[in-house]
Amino acid sequence: MEMTLVVVTGMPGSGSSTVIKEALKLREGRSGSKRSKSGYSVRNYGDIMYEAALEEGIVSNRDELRRLSVEKQREIQLHACDKIAEWRRSTEHIIIDTHCTIKTPTGYLPGLPEYVLRKLKPDMFVLIEAKPEEILERRHRDRTRERDVEDKSGIEEHQFMNRVVSMAYACLTGAPVKIIENHDGGLGKAAQELANLL
Amino acid sequence: MEMTLVVVTGMPGSGSSTVIKEALKLREGRSGSKRSKSGYSVRNYGDIMYEAALEEGIVSNRDELRRLSVEKQREIQLHACDKIAEWRRSTEHIIIDTHCTIKTPTGYLPGLPEYVLRKLKPDMFVLIEAKPEEILERRHRDRTRERDVEDKSGIEEHQFMNRVVSMAYACLTGAPVKIIENHDGGLGKAAQELANLL
Amino acid sequence: MEMTLVVVTGMPGSGSSTVIKEALKLREGRSGSKRSKSGYSVRNYGDIMYEAALEEGIVSNRDELRRLSVEKQREIQLHACDKIAEWRRSTEHIIIDTHCTIKTPTGYLPGLPEYVLRKLKPDMFVLIEAKPEEILERRHRDRTRERDVEDKSGIEEHQFMNRVVSMAYACLTGAPVKIIENHDGGLGKAAQELANLL
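Residue numbers (numbering that gives the first Met the number 0), protein chains in the order written: chain A, 0 to 197; chain B, 0 to 197; chain C, 0 to 197.
These are calculated hints, taken from the structure and not from any lab test. It should be emphasised that the depicted structure is a prediction, and the values quoted were computed from it without experimental measurement. Cβ atoms here follow ideal geometry from the backbone N, Cα and C, with glycine treated the same way. Hints may contain errors.
[To be verified] Result set (DSS-like, lysine-lysine): computed pairs, CA atoms no more than 25 angstroms apart in a straight line:
| no. | chain 1 | residue 1 | chain 2 | residue 2 |
| --- | --- | --- | --- | --- |
| 1 | C | Lys71 | B | Lys120 |
| 2 | C | Lys120 | B | Lys120 |
| 3 | C | Lys151 | A | Lys102 |
| 4 | C | Lys102 | B | Lys120 |
| 5 | B | Lys102 | A | Lys130 |
| 6 | A | Lys151 | C | Lys130 |
| 7 | B | Lys130 | A | Lys120 |
| 8 | B | Lys188 | C | Lys120 |
| 9 | B | Lys118 | C | Lys118 |
| 10 | C | Lys118 | A | Lys118 |
| 11 | A | Lys130 | B | Lys118 |
| 12 | B | Lys120 | B | Lys130 |
| 13 | C | Lys130 | A | Lys102 |
| 14 | A | Lys71 | C | Lys118 |
| 15 | A | Lys151 | C | Lys120 |
| 16 | A | Lys118 | B | Lys118 |
| 17 | B | Lys82 | B | Lys120 |
| 18 | B | Lys102 | B | Lys130 |
| 19 | A | Lys71 | C | Lys151 |
| 20 | A | Lys120 | B | Lys120 |
| 21 | B | Lys102 | B | Lys118 |
[Claimed, not checked] Label pairs and their calculated CB-CB ranges:
| no. | chain 1 | residue 1 | chain 2 | residue 2 | range |
| --- | --- | --- | --- | --- | --- |
| 22 | A | Glu54 | B | Lys130 | 48 to 58 angstroms |
| 23 | A | Leu53 | B | His182 | 53 to 63 angstroms |
| 24 | A | Lys130 | B | Lys24 | 43 to 53 angstroms |
| 25 | C | Asn43 | B | Gly187 | 38 to 48 angstroms |
| 26 | B | Arg88 | C | Arg117 | 19 to 29 angstroms |
| 27 | C | Gly187 | B | Gly187 | 17 to 27 angstroms |
| 28 | A | His182 | B | Asp62 | 48 to 58 angstroms |
| 29 | B | Lys71 | A | His139 | 45 to 55 angstroms |
| 30 | C | His139 | A | Glu155 | 23 to 33 angstroms |
| 31 | A | Asn43 | B | Val148 | 31 to 41 angstroms |
| 32 | B | Arg140 | C | Thr17 | 50 to 60 angstroms |
Given these sequences and hints, build the entire structure.
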């Protein structure tokens, strides 16, 4: 039997990685067993891409990844899918932590274009959302990494495009799209919602 | 020549089934002939799924249908498509009465994922819409069946997701998407709009 | 090496054709060379369709194009794609000036359905947008061609459907979607944004 692959997406500031972490803690607490734990491995799609690119000798550091040609990036995406498929054949369910769309200077780039979906075959898409003002405020607080300057209406538009493309992903795969709101002070509720899905 | 297949969708409370019924009455009145009638057969997609599941011996009652695994549900969907294709080879045009997306505990599930669209090859998608407050009020009045609790913003989100996924359906099939508004007191107008399309 | 194919879309009144013209002027000024000019050829998709239909002897004038059956229109679309593919193998990059969706009496028709995208393989989608009131005002000023009557909310809905379907195009091709706003008095800015992409 194939293991479940859940794609959890959120834009920077949505708190998607934190929601995943808390949801898995809730599952661990629930199962009571120390060995099986949550039953899920979490992988960041960007990290997998980077590892695949290193292994193939295509890049030697992370910065080079962004400056690759579109063709090379596609090649690496497919290698990353192969790595995920391999993990999936092992014992654990998988959560992929990624972005629905990436806002680049040339526009909104779908994170999971058709050729990736055909390989990944996800079972479920989860969108972690928050109000534009919450996202803006969280980004200002997070000084560990430089983020692109997006204003409130830019965030609103981005979140709109994420919802929209997720339904194209759903149509191509037959998998459902769940929206989970992660408002300030509501992390526990959001984590619980995600834990219930897993 | 292949007969036309029109997919009419609406969420519970949109009044889609009533609009279809009234539109076909208008067509019957128009043609004047008793024999040819409206020229359309209407089929509810859920009913076809259930019939297909019964025939295949997969379920013995309707409740079992919802509790099937995703794989079994896909299998039944494909059987349902085959049944529709068979009807289509007969003399009548077909209207499929269904949902654009189904709101499940695991999220918005596309009613017509790609593997269904490839088999069905619809000629047109029609979305029957109403204002969230109208849908809410109609659901409250309808006590014949238990419906999920959705508030105004939930209905708004659901209708948004329906519009969005319908354009993915359109992109995959090349078929147009028509939005028909069925406001309170506007059933005649909505039915006329649908009748004009058929 | 394959030449770049950029699809620029905008609804009537968005000013997409003017933005393209001005963007190419900026590129010409920039390169300084008279021979290579902007490096881009612009083609109107509707014109290519018409030429293809004339060549195939399917129509003898433009009006006939609209009254063709859906099957014939598809056939012509594929011929048009072949013509574009041929141009693409020549030296110049190509901009296709077209519509994201066409609003017809039977609904929103996707301008680039999947079977077209598979042939065209665009590298980028650009949406030229404006506020509904700006579009309305521009349409009123333009008396050279008769345009369908769309009110403000109709334009808003149309622009929504354009954004939505563009993300389905993005998902199927892996190409990004760039939104460029062409507000009154902002043509220079819009043209500059497009020029930067090319």
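For which of the previously enumerated hints does the structure constitute a violation, in increasing order of number? Hints 3, 7, 8, 11, 12, 15, 19, 27 and 28 not satisfied by this model.
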